[in-house]
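Participant: Chains as they are written, first to last, in the numbering used here: chain A, 21 to 791; chain B, 47 to 393.
Keep in mind the hints are simulated off the structure, nothing from the lab. The structure presented is a predicted model; accordingly, all values stated were derived computationally and were not measured. Be a bit skeptical, because a hint or two may be false.
[Claimed, not checked] Derived EDC-like pairs (lysine to aspartate or glutamate); straight-line CA-CA distance at most 20 Å:
(1) Lys-684(A) x Glu-218(B)
(2) Lys-132(B) x Glu-166(B)
(3) Lys-723(A) x Asp-697(A)
(4) Lys-159(B) x Glu-218(B)
(5) Lys-159(B) x Glu-86(B)
(6) Lys-735(A) x Asp-697(A)
(7) Lys-649(A) x Glu-590(A)
(8) Lys-684(A) x Glu-221(B)
(9) Lys-349(B) x Glu-529(A)
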Amino acid sequence: MAALDTPQPSTLRHAFGNVLSLFILLLIGVLAFSIRLFSVIKYESVIHEFDPYFNYRVTQFLTKNGIYDFWNWFDDRTWYPLGRVIGGTVFPGLTLTAGTLWRILNTLNIPLSVETVCVFTAPIFSAFASWATYLLTKEVKGVGAGLTAAALLAMVPSYISRSVAGSYDNEAVAIFALIFTFYLYIKALNTGSLFYATLNAIAYFYMVCSWGGYTFIINLIPMHVLLCIVTGRYSSRLYIAYAPLVVLGTLLASLVPVVGFNAVMTSEHFASFLVFIIIHVVALVYYIKGILSPQMFKVAVTLVVSIGLIVCGAVLAVLIALVASSPTKGWSGRSLSLLDPTYASKYIPIIASVSEHQPPTWPSYFMDINVLAFLVPAGIIACFLPLSDASSFAVLYIATSVYFSGVMVRLMLVLAPAACIMSGIALSEAFGVFTRSIKFQLPGVSQNSPVNAGDTGTVIQNDVVKTEKSEDSLKERPSRKNKKKEKDKTERASVVRQIEKRLLVLPLEASVIAIFLLVLLGAFYVVHCVWAAAEAYSAPSIVLTSRSHDGLHVFDDFREAYGWLRHNTEVDDKVASWWDYGYQTTAMANRTVIVDNNTWNNTHIATVGTAMSSPEKAAWEIFNSLDVKYVLVVFGGLVGYPSDDINKFLWMVRIGGGVFPHIKEPDYLRDGQYRIDSQATPTMLNCLMYKLSYYRFVETDGKGFDRVRNTEIGKKYFKLTHFEEVFTTHHWMVRIFKLKPPKNRIRGKTKKAKSKTSSKRSGTPKKNPWH
Amino acid sequence: MAIFTTLTNANSAVPLILLLILNLLTPLASSLSSDSVVSELSALQSQSSTGVIHLTDPLLRRILSLPTPRPFHFLLFFDAQSLHSKAELSLPTLKSEFALVSSSFYTNNPDQKGLIFFFEIEFQESQSSFALFGVNSLPHIRLFPPSATDLKKDSIPMDASDFSRLAESMAEFIESRSRLSVGPVHRPPIVSKKQIAFIAIAILIWTPFFLKKLIAGNTVLHDKNIWMAGAIFVYFFSVSGAMFNIIRKMPMFLLDRNDPSKLVFFYQGSGMQLGAEGFAVGFLYTIVGLLLAFVTHVLIRVKNRTVQRVTMIIVLLVSFLAVKQVVFLDNWKTGYGIHAYWPSSWQ
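Same shape as in the complex, but just chain A (with noise of 0.2 Å):
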């Protein structure tokens, strides 16, 4: 890659520093795999957390059944009885990056399972994001700020968070996309080819496929655009590298059925189409100032600007109007909150309470980023010395996305390349300068040798031929003798520059003491991406670890209560749980569940929290008729696991009684407190979800001790009447009930009993949703 884009490829010098440059690139592509193997080595090699679950099996779906029917997949497992159409509602992107990865190991005769690919996937396109990012810098600034921009993303911890090996999730493949496509549009705009320009409509089509995040590219790729044209950097290479992605990725996007028409429907999108008019506005303004005399102009311009306005302002009329017929002005509630910050807390609490969501504070930044968070503004700087049309968009880059991660903590991940990019263009920059420094001024050298000339002049060189050629930008390209010549011109200039650089140092005893204060920025920071990616981002969520004094516990509870299921349970039987753990139970139960954690239907999921919520004999009606054979709940009093359902479970009464309001909160809130002891509420004690938590739980210790709430449990000794305890996994933290039949209840009682029950059950059909 790097071979092809020397300035002087003759000379042997120059074909040793890319060869270099080569293998520096190669081990950090190596650096970025193993970085994220942390998981692997420290626990296994297996899928982690919800949503990478629900991925893995539509992969599993895919590469089981082609891509057809994938497509057309309407999966009946989940959200019973609902079902839920997938082909229609998943960022395909992911799925069909693993499923082609596994089928072409499979064809090269290397038998992977799926789930090997799905948990490597993400650390293999870490390792391209990175490459991605090299590219991205050299047309920035240079070879050398490329490489060094590539190894601080390789390593930087906010994006790790996301793409451990078994993350399996889309971020792992869509960081790589978005700066690819960035890349591509660079390039495009830097050498006016078109092939790059529908290069980079495709990369954009993939992006689209990956992640919801494409709206970011659509809205800063115009902006740089009108960025540029106000500040009279128009030039045909732009029009080049704009049209097409218009165009081409307009449709291209709404090829993806989760888009369709929202490519053209919503606000996210108009921007880039008024931006798509203005240019060709421009251009004409430039065709017709490039064929009239500067007289005829300066007339010709009055009309032009005339009849421009008119057809901007009647589009612009089209679009308000087409903008204020919509409720929410066309745009969702995310992208609102991203330009008015308060708005989510407002309006939205859905989207303000969920932890993703909230502002980040500073030390968010320093574990996310952490050094280059000092780095970033030396590289806006040196951005702007001299500004270039790629250099200004890095720095817009830079300047939206840090702007957005201030506002939503999970945008910290688009943040995290661009701060890479502005680091390693800062860093580089400082190292040239110091290490030239150095270098003319180390004693015993001679001044004049031509060796000296070495890597720093070729890294000069190449900034300064790309400035030169993006000063004269508003000129025509030229043809390529032309350009032959101008480039020697350019190259006999550069060497006066350099000439002139060289006598531009610094003191040599200082720049020592700089550079070894930067290795050790350097030192510092790979000392801190080494521990987030150890300690802070590893845990699959699925495995637990405790380290105690008698030594390492594992905690595998979750597998063992699904293994379970899968195993001695019908195909076919109902699984209810909080939606939390749906998708872990359709992929490695593959049994149907009630909800999932694609939290489409409210009414749905707050159906089974009332059921949780609701005394026993109630909860089993509710559960009877939505076909429920199995209830599981998560319970971590015993060993002290703090995100189990008891902790969650406000939020089951929250969303109930949001819907069925005879659910109230402070029912089971003693003085506004939750409390799970002697004190509290007759209806928290009867509900199912601590019958079902706290059933035997007494006869562990005697006592009843929780060690997550750290209290005595309020009611020890009770007995189901409507459920039975089918197992219990060996750290109590998955326990799973089986519906009692209706008739075992029955049993033994008289038949007056018979009709009573039988008539309160139809008596009471408020209570249940389902009836």
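Assemble chain B onto chain A, guided by the hints.
Facilitator: Chain B only, in chain A's frame:
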């Protein structure tokens, strides 16, 4: 969210002109049919621009003298002019939001005008009524269903959560309790139509001049130093967590609980930060990069070696201390123990 506070009894003489006018309007006959009261209320309501009726003691007495069930709901906003200056109660805001609900209701449901009335009552005029309702803290809004006989027991107070989202949540409260639908809340636009027209004309006139300048290439937009400063500022603003401060409305500093004379600028715990703290660290984040850029782009052009040397030493020292300070603060705030991994044979 509004903070509740106890009402003070400090009051002054209140101009009672409105009260007097209302008294004059009041017919002297004490026994009144509900029709006459309703028609009188309707008249008062149409006089008010928002539909909110100023409630006086005699008027209240007459409303209460009606036999239950009364033909209408009424919603009462308890106001106190003397507390309008207390920012944390946000009484003026709530009052205007209350008026907004009222006007929206009457515009949306012109046929249901007699079914619900919106009242406001002033503390200094009607202290006895306040006592009658048992209201001793503000802000307070109460709904009286038609059947309410006992003012304290049968009426429904609005919870703090019901006016947390201002007019919208008040409307929801009314809908849930009285089964009367308020409909969409009509907020007056921030800029009036005249202003919009004026701005539009101004922009239209200004655009050609701007375009001319733009084509000539000499606007502020063409000065790259402004863009540079802007980009750096956005960066500083974001990494300092200013968005967090704005969204969460964090104060710049806190008073120390144990020792009120001391101020707390740094908050321990990574989930929260104070304003001053964020800006301090944001400054540290930014200064290092700025100094580095200064050295590589400006200092390098200085001819004098001694100046270069001294400046560089200072710059390096400041940068080193800044990084060290941030690392220290981060470890203190988050409590993470970041450590390296050495080969086990080294230990």
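Participant: It remains to establish, for every hint, whether it holds in the given structure.
Facilitator: Verification of the hints:
1. A hinted pair counts as satisfied when its Cα atoms are at most 20 Å apart, and Lys-684(A) with Glu-218(B) qualifies at roughly 17 Å.
2. Using a Cα cut-off of 20 Å, the hinted pair Lys-132(B) and Glu-166(B) holds, with the two alpha carbons roughly 19 Å apart.
3. Distance restraint check for Lys-723(A) and Asp-697(A): the Cα-Cα separation of roughly 12 Å lies within the 20 Å cut-off, and the hinted pair is therefore satisfied.
4. Taking the CA atoms of Lys-159(B) and Glu-218(B), the gap is about 18 Å. The hint holds against a cut of 20 Å.
5. Proposed proximity of Lys-159(B) and Glu-86(B) is supported: the alpha carbons are some 13 Å apart, at most 20 Å.
6. At most 20 Å may separate the alpha-carbon atoms for a hinted pair to count; Lys-735(A) and Asp-697(A) meet this at roughly 8 Å.
7. Proposed proximity of Lys-649(A) and Glu-590(A) is supported: the alpha carbons are some 10 Å apart, at most 20 Å.
8. With a C-alpha separation of about 19 Å, the suggested pairing of Lys-684(A) with Glu-221(B) holds against the 20 Å cut-off.
9. At most 20 Å may separate the alpha-carbon atoms for a hinted pair to count; Lys-349(B) and Glu-529(A) meet this at roughly 17 Å.
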